[in-house]
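**Student:** Read off the chains here:
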Amino acid sequence: MLHYKTRKNDQVINLQAKAPFEVALEGGLLPAVNGAVIGVALNDKILYQSLEKQFNEKPHISPPKTPVLHIKTDNTHIGYGDAIRIPSDMGAVFAGPSLGIVIGKKACRVTEETALDYVQGYTIVNEVSLAETSFYRPAVKAKCRDTFCPIGPWVMDATDLDSPQNLAIKTYINDTLCHETSSNQMIHSIEQVIAYISSFITLEVGDMIIAGTPLRTESLEINTGDVVMVEIEKIGRLVNPVVAE
Amino acid sequence: MKRARILFNEETLNVTINNEGKVVTEKGTVLEEGSFTWLPPCEGKAFVLAINYADHAAELSFKAPDEPLVFLKSSNTLIGHNQKTYQPDNIDFMHYECELVVVIGKEAKNVALEDAMDYVGGYTVGNDYAIRDYLENYYRPNLRVKSRDTCTPIGPYIIDAAEIPDPHNLAIRTYINGELKQEGSTKDLIFNVPYLVSYLSNIMTLTPGDMIFTGTPEGLAHVYPGDEVIVEVEGVGRLKNTIISETDYLNSL
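Listed in order, the protein sequences are those of chains A and B.
Sequential numbering from 1 applies to the first sequence in UniProt numbering.
Sequential numbering from 1 applies to the second sequence in UniProt numbering.
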């Protein structure tokens, strides 16, 4: 089942569909979730490898001991079809394709063995970011700009997916395939991430975890006038135009 | 005007505080302390300033930043007045941090410095506990240090901005079990209130209820289960909270 949200007369309406073609994707969809959104930074193997040398030099000295988390505030959340608004004077802006893990029941101190019981389903996230000059400073300025987190178009029930940890993730800019990765590139698995976060943050129904974004190279750069599409195998496609802020 | 949120008979109520310090419901009923639970007085994004007092920067052996060092908390960490914060087992460095909290009063986007104070709705008091054992300095102020369940008491109430003519000259004090442990003044803020409002509004849209924890002066000390911690900002309020053990916390769930 696919769960999506739209708005009618200022009311949020929750809807369900059995198949993607039953959902009108022309626009008007809200972000597929409406809880807290927590990102797991440095959770992609290639990204991590690219920084390994830096981790072992000053000022870091050693690699991170635990998953590094960040928050995408609600002003960043937009739905399918809504415009990503990018500033003109802040340097390059990058798409951040990722699997979104949606929490289905209150999760406080859950074990890795039971972690998947707390997942309602999965969605697609575009965790948009400015270039980050430093991985050891808070990411607010780069990541929390209005519209910098498209989520959707829907949440697919976990029971409809055999293996969320092995899905192809493709990013298209203006219909050209620019980037390919897979949810098998996570350093900390879905179970590990849920167990770790819930050891000190009680996750509520509708909260979402951004599983991990890849290294942002030129191939993921987005510019005004582009249309960016993130496709995750079996889940669907999240499409958003890019406009000037 | 002082405004708060409470849980009363399992219902969330918006209330005001009268001149005697008593909670008054919208229907005019005066409630006795103990008959309700204090909630965080606002709901919104929670920004926190790291190292926004020069003396605190020196205490932590940091150079004062040349741009605000802002991080975020998620809402799970916020609790109200008179509530309990749990200390994880097997840690050595749990510190309180008494802070003036600015509450946004109206939507703010790209606000100029000279207009910024118009967007401040009021002020409250925050206690930004940190578990420094978990701090990996060079990997951002990690949420495990700062955004833990129960780790950010805030309140008891929001006092209207109009009642605090100068937010940059307020004494800040922390007492542990009645003993004064931390004392400073908001006059020593590196980045002041209008600067922070303008700075953040140029990154993103701020909305009513958003909170800016402005940072803490020097005077860190350890806290332990059983300690009663009071953080106070002159003219704004006194926020009380108790430390409990992780075991007691888990048993209370």
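Misleading hints may appear alongside valid ones.
Unchecked claim - Derived lysine-lysine pairs resembling DSS-like cross-links, with alpha carbons at most 25 Å apart:
#, chain 1, residue 1, chain 2, residue 2
1, A, Lys106, B, Lys106
2, A, Lys5, A, Lys170
3, B, Lys22, A, Lys141
4, B, Lys187, B, Lys84
5, A, Lys234, A, Lys18
6, A, Lys8, A, Lys170
7, B, Lys109, B, Lys22
8, A, Lys5, A, Lys141
9, A, Lys141, B, Lys240
For the record, the hints were derived by calculation from the structure and aren't laboratory data.
**Student:** It remains to establish, for every hint, whether it holds in the given structure.
**Tutor:** Hints and how they fare:
no. : hint                  : result
1   : Lys106/A <-> Lys106/B : violated, 32 Å
2   : Lys5/A <-> Lys170/A   : holds, 24 Å
3   : Lys22/B <-> Lys141/A  : violated, 41 Å
4   : Lys187/B <-> Lys84/B  : violated, 30 Å
5   : Lys234/A <-> Lys18/A  : holds, 13 Å
6   : Lys8/A <-> Lys170/A   : violated, 32 Å
7   : Lys109/B <-> Lys22/B  : violated, 36 Å
8   : Lys5/A <-> Lys141/A   : violated, 28 Å
9   : Lys141/A <-> Lys240/B : violated, 33 Å
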